[in-house]
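Kindly produce the complete structure, drawing on both the sequences and the hints.
There are 2 protein chains.
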Amino acid sequence: MAERLSEQEIEARLAGSKWTREGEEIVREYKLEDFASAIAFVNRVAEVAEEANHHPDILVHGWNKVRLSLINHSAGGLTEADFELAGKVDGLT
Amino acid sequence: MAERLSEQEIEARLAGSKWTREGEEIVREYKLEDFASAIAFVNRVAEVAEEANHHPDILVHGWNKVRLSLINHSAGGLTEADFELAGKVDGLT
Chain A
1 MAERLSEQEI EARLAGSKWT REGEEIVREY KLEDFASAIA FVNRVAEVAE
51 EANHHPDILV HGWNKVRLSL INHSAGGLTE ADFELAGKVD GLT
Chain B
1 MAERLSEQEI EARLAGSKWT REGEEIVREY KLEDFASAIA FVNRVAEVAE
51 EANHHPDILV HGWNKVRLSL INHSAGGLTE ADFELAGKVD GLT
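Chains as they are written, first to last, in our numbering: chain A, 1 to 93; chain B, 1 to 93.
No wet-lab data here; the hints were simulated from the structure.
Everything numeric in this text was worked out from a predicted model, so none of it was measured.
Wrong hints could be hidden among the right ones.
Which copy is meant is left open, because identical chains are indistinguishable; a pair holds if it fits in one copy or across any two.
[What the hints assert, rightly or not] Think about it this way: if two alpha-carbon atoms lie no more than 25 Å apart in a straight line, the pair counts; the simulated DMTMM-like pairs of lysine to aspartate or glutamate are:
no., residue 1, residue 2
1, Lys31, Asp57
2, Lys88, Asp34
3, Lys31, Glu50
4, Lys65, Glu24
5, Lys65, Glu25
Put into C-alpha cells, the structure is as follows:
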C-alpha cells in the first residue's frame, strides 16, 4: 500500500504549485470558457486518471468551473500518487 | 425570466420523484459501475443540459458516484426548467 506523506513532504510539494490543501485533500479550481469546455476538460482529466488508476473527485459547477480534489482513500491521506496525478493534470492546461 | 415555483409546487413535483430537496436545490445521486461509466454518464447528462441550455452542478466522487444538483441561479430558486431537466436526466437511466 502507498505510504502517506508527512506534513513536511506535503508542504514541500505544494510550494509553488497551483494546488492547495483543503482538509486532508489537495484541490485545484479551473475556470473554463463555457460548459462544453468544462466537460471536455473533465474528459481529459478522466483519461489521465484512468491511466494512473487514481481518481480525483471532480465537481463541475457554475456552468464553467471545474474543481478537482485528490486524496488516497486507501492510504487514508495524501501519497506520492496524488502529487503525480496533480502533475499530470497540470500538464493538460 | 423564469418564475420561481412555490413551495407547494416544488413539493408536488418532488412527490414520487428520485430527486430530493437540499437547501434551495434539488439533487439526485447515482451509483455507476465504475469511473469510466460515471464519466460516460456525465457526458450524457452534459448533452441533455446543453440542449436545454440549463446546467446542473455535477460531482463525480468516490470513483463511481455522480451527484447532480439543480437550481435556476438567475431566478434565485427552483423553476419549471429545473424539473424539466431532472425529468430528461431521469430518462437517461
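These are the hints, each one checked on the structure:
1. Lys31 / Asp57: both (16 Å within a copy, 14 Å between copies)
2. Lys88 / Asp34: Answer is both; intra-copy 23 Å and inter-copy 21 Å each pass.
3. Lys31 / Glu50: both (23 Å within a copy, 18 Å between copies)
4. Lys65 / Glu24: both (22 Å within a copy, 20 Å between copies)
5. Lys65 / Glu25: both (19 Å within a copy, 18 Å between copies)
Consistency with the previously given hints is maintained throughout, with no hint failing.
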